[in-house]
Each structure stands twice: as structure tokens, then as C-alpha cells.
Amino acid sequence: MHPVLQHLMDTNFADLSGSRVDGRIAVTDDLVNLGLHELVAALTKASPAAKADAPANAPENTPTPYASDPAPKSATPDPKALLRKLQVEKLQYRTESGRTILEIACAVEK
Amino acid sequence: MAITDSSTLNALFTQPAAALTGTDLQIHLPLTRVLLNEILAARPANTPIRELLIDPNDRNRFRVHLTAEAPIVGTVSRQIRLAPGMPVSFPDQPWLEFRIEEGLGFFDRSLISVLQGQIEKRLPRGIELTSKNLRIHVPALLAYLGYQQLAPLIESLEIKSEASRLLVNLHLKAE
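Protein chains in written order, with UniProt numbering: chain P, 1 to 110; chain C, 1 to 175.
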């Protein structure tokens, strides 16, 4: 993980207090559809956790490659940590021809 | 070039202006001294700068504590007071400029003027240092960092200083 992102997580995003985002985010349908396909692919792919859930009466010589390894540390931040500090004043979703639009006004609490 | 494992994010970063057409976003970031120095500590290693710390002050001024390898004179350390200049606005004003108000003596200024060519070669593309100003050509620096496709989204960029924080005001727009 990038050291700056690691610092932000370690300090519970305190250094971003007072930050503010205000305006409109518009995303094309093409990008939304690409994201949907990627989400479906990720959800239908077998997770390592499911594979690790081996039957209790498995033979001793059955390889259990995941069960004995510690869970790898996530390389991506947990969005909940930042979302908990957000003050959302406006969050409105709508669509136009060919676009998805999010009107947003939010701030990181001081 | 793939930036992440996500095809969606790669599509977004490859053509952000097209993917985000209609976006109009104002972002206000007050960056603390601690965070700024974390960012500076994560700078690329292939520059002549050995130590770089920033100390934002009120009245729209900030100090930079700098230790660098300079041509001919070797290692130099200076505390330089800078004042932010005009906001960046594209395409007319692509320069993020900081006026050097204090910290460079007559010898320093003369040396910078004489060695201008060598200094330019050692700095990342897009960054210029003269005896009076530190200037950053934002599109050129973004290109150097591999993010040139983000430049058209920047409607304006302004940096101000207050006690212990730099205030970054960024207006992103995709039409």
C-alpha cells in the first residue's frame, strides 16, 4: 500500500478533516455497464475463504492449502473507515440519456 | 497500460474526460503539515533532493526546509519562504507558481542563474526553479507521472496557506 494511504488509515483520516466535495459526478452508461460486468464476475468467482471451508472429516492426506495459512492482509483500504467520518448533506441519484448522475455535497467532519 | 486489476478503473483512467462527461466538481482539501510531509517523503528517489519538509504559515506563506545536492557546491541546506501565485486554470494558465520571498542569498541566486541548464536537467519534467520562482507546469508534471489524461479535467487549481495547513481548491470539469 502507498505510504500516504497507509498513514491516512493509521490516523483514521484525521489529516483530511475539513475536506469538502461539492458538485456533480456524471458517469457514462458504458462505464457503468463495464463495472456491473466486473462486479458480477467478482461475485461469481469462488473466494479463497470458501475454498478454505474444507469438510471437517476430510482425509488427513487431503491438501488444505488455505486452511493453514494466515489470511493475507488486505492491500486495499476499508472504505467504512472514511465513510464513518463523512457528513453527507446532499446525495441525489438520477439518470439522463447515456449517463448516470450523482449530485453530491459532503465533507469530512472536523 | 493497465493501472489497476480492474478493467472499469482502467477504462476510467485511460479516458477520464470521455467517461466522466458532464462532471462538475469542486474539491476543497485542507492538508495538514503532517500529511504534506508524508506526501513529500513519498517523492520519487531519483531527484537531487535529500531532505524536503514543508511548514505552512498564516498570511498565505509557507516555509520549505530543503537539503539538496547542487552542482559544483555539493550539499546545500536552505529554509525558503514561498508565497503561492495565481491559480492554475486551463488552458490559459497552466503554471502553478510560488514566489521565493526569503531564504536565498545573493550567492544562491547567482548560482541558480548560472547553473539554470544543469538544474533543469536534474528536476522532474514540469518543474522549474529560477532565482525568483518555483514553477510547476501542471500538464507536463502530470505527463511525467503518467497521468497526462487527467489534465483536461482540471478547470482550476489553487493553493493557499494558513497556519499548519495548505488549502487546495480543485475544480474538475468534463464537458
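Be a bit skeptical, because a hint or two may be false.
[As the list claims (entries may be wrong)] Which chain P residues stay away from chain C? Per the calculated CB distances, all over 10 Å, these:
| hint | residue |
| --- | --- |
| 1 | V4 |
| 2 | T11 |
| 3 | R20 |
| 4 | G23 |
| 5 | T44 |
| 6 | K80 |
| 7 | L83 |
| 8 | K85 |
| 9 | E89 |
| 10 | K90 |
[Said to hold, decoys possible] Label-pair restraints from in silico Cβ distances:
| hint | chain 1 | residue 1 | chain 2 | residue 2 | range |
| --- | --- | --- | --- | --- | --- |
| 11 | C | A41 | P | T95 | 29 to 35 Å |
| 12 | C | G74 | P | K80 | 48 to 54 Å |
| 13 | P | Q87 | C | E102 | 37 to 43 Å |
| 14 | P | L82 | C | L123 | 41 to 47 Å |
| 15 | P | C106 | C | Y147 | 21 to 27 Å |
| 16 | C | P87 | P | L83 | 27 to 33 Å |
| 17 | P | K80 | C | W95 | 38 to 44 Å |
| 18 | P | C106 | C | R50 | 26 to 32 Å |
| 19 | C | N57 | P | K110 | 16 to 22 Å |
| 20 | P | L5 | C | L115 | 49 to 55 Å |
| 21 | P | Q87 | C | S89 | 27 to 33 Å |
| 22 | C | G117 | P | M1 | 35 to 41 Å |
Bear in mind the hints are in silico, worked out from the structure with no lab data behind them.
Glycine included, every Cβ here is placed at the ideal spot set by N, Cα and C.
Hint-by-hint comparison with the structure:
The claim that P:V4 lies off the interface is violated: its Cβ sits roughly 5 Å from the closest Cβ of chain C, which falls inside the 10 Å cut-off. At roughly 8 Å, the least C-beta separation between P:T11 and chain C is not larger than 10 Å, which violates its mark as non-interface. Chain C draws P:R20 into its interface by the beta-carbon criterion, the shortest separation being 4 Å against a cut-off of 10 Å. For P:G23, the requirement that its beta carbon stay farther than 10 Å from each beta carbon of chain C is not met, with the minimum near 4 Å.
Residue-level check passed: P:T44 sits 16 Å from the nearest beta carbon of chain C, beyond 10 Å. Against the 10 Å criterion, P:K80 stays outside the reach of chain C, whose nearest CB is about 20 Å from its own CB. At roughly 17 Å, the least C-beta separation between P:L83 and chain C is larger than 10 Å, which holds for a residue marked as non-interface. Consistency note on P:K85: stated as away from chain C, and its beta-carbon is indeed over 10 Å from all of that chain's, at 14 Å minimum.
At the 10 Å boundary, the C-beta of P:E89 stays outside the reach of chain C, the nearest C-beta of that chain being 13 Å off. In this structure P:K90 is separated from chain C by more than 10 Å, as the shortest Cβ-Cβ distance comes to about 13 Å. As the Cβ distance of C:A41 to P:T95 is approximately 43 Å, the hint placing it in 29 to 35 Å is violated. Checking the proposed 48 to 54 Å range against C:G74 and P:K80 shows it holds: the Cβ atoms sit about 50 Å from each other.
For P:Q87 and C:E102, the Cβ-Cβ distance of about 39 Å falls inside the hinted range of 37 to 43 Å, so the restraint holds. Our hint of 41 to 47 Å for P:L82 and C:L123 is violated, since their Cβ atoms are close to 34 Å apart. Roughly 24 Å separates the CB atoms of P:C106 and C:Y147, a value that falls within the hinted 21 to 27 Å. Between C:P87 and P:L83 the beta carbons are some 31 Å apart, a value that agrees with the proposed interval 27 to 33 Å.
Between P:K80 and C:W95, the C-beta spacing of about 40 Å keeps the proposed range 38 to 44 Å intact. Hint check: P:C106 to C:R50, Cβ distance near 40 Å, so the stated range 26 to 32 Å is violated. Range check, C:N57 to P:K110: about 21 Å between beta-carbon atoms, so the 16 to 22 Å window is met. At roughly 37 Å, the beta carbons of P:L5 and C:L115 sit outside the given window of 49 to 55 Å.
Distance hint for P:Q87 and C:S89: a CB-CB separation of about 29 Å, consistent with the stated range 27 to 33 Å. With their beta carbons about 39 Å apart, C:G117 and P:M1 fall inside the hinted range of 35 to 41 Å.
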